[in-house]
Amino acid sequence: GAVVSQHPSWVICKSGTSVKIECRSLDFQATTMFWYRQFPKQSLMLMATSNEGSKATYEQGVEKDKFLINHASLTLSTLTVTSAHPEDSSFYICSARDAGNYGYTFGSGTRLTVV
Amino acid sequence: GENVEQHPSTLSVQEGDSAVIKCTYSDSASNYFPWYKQELGKGPQLIIDIRSNVGEKKDQRIAVTLNKTAKHFSLHITETQPEDSAVYFCPIQGGSEKLVFGKGTKLTVNP
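Top line first, the protein sequences correspond to chains V and B.
Reading the first sequence from the start, the letters are residues 1 to 115 in our numbering.
Reading the second sequence from the start, the letters are residues 1001 to 1111 in our numbering.
Simulated from the structure, these hints should not be mistaken for laboratory data.
Keep in mind that a hint or two might mislead.
Partial list, derived from the structure: chain B residues whose beta carbon lies under 8 Å from chain V [what the hints assert, rightly or not]:
{"hint": "1", "residue": "1034"}
{"hint": "2", "residue": "1043"}
{"hint": "3", "residue": "1044"}
{"hint": "4", "residue": "1097"}
{"hint": "5", "residue": "1098"}
{"hint": "6", "residue": "1100"}
{"hint": "7", "residue": "1103"}
{"hint": "8", "residue": "1104"}
Heads up, the beta-carbon is just placed ideally off N, CA and C, and yes, glycines get one too.
From just these sequences and the hints, can you work out the full model?
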């Protein structure tokens, strides 16, 4: 089946630093990738949609200069949290849509803690 | 826009019993109806999905039924096991490509 690899699975960083999260589709091409944020005991909130080779589309209220998204190829998208603050601590999850069968596969998530 | 509501928000059953979770959506353009299971600290995992031209789909102990007229679809789990305990989501894909999630249902299967 379709597999999406997300790294790192957890990261701790200091306030003011930047953190990059990678999302790779391992056995399929993903024309579209999505980034979600999930706070404890809450649902997944869509942050942005990225298409290969074009600028990401951000949801209302999500700061595009703070959450930089790069979708450089059909198998790789990255999310960079810039100048991280403790309130950015959350569980970040990526999803990739299979261009072949239009299914959505999620990564295993990244637990970000900003201290 | 897309909006989805799940009921119940929490569900506790005894091992071996059945569990049913219902989702109601608002966007009549929705054509794809997946169910995801999320265990603690992990990403959501697709367990079953159905498209709008089908009314019911079954995969072993799991089934999904769709009523497009009433705009609701349900997840049915039979012979529940403790490992079925998780949070279940029924995101909606409306006219856009994105999946919009509801609040989820926390299922607890008691041994």
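Results of checking the hints against the structure:
{"no.": "1", "hint": "1034", "verdict": "holds, 7 Å"}
{"no.": "2", "hint": "1043", "verdict": "holds, 4 Å"}
{"no.": "3", "hint": "1044", "verdict": "holds, 5 Å"}
{"no.": "4", "hint": "1097", "verdict": "holds, 6 Å"}
{"no.": "5", "hint": "1098", "verdict": "holds, 6 Å"}
{"no.": "6", "hint": "1100", "verdict": "holds, 7 Å"}
{"no.": "7", "hint": "1103", "verdict": "holds, 5 Å"}
{"no.": "8", "hint": "1104", "verdict": "holds, 5 Å"}
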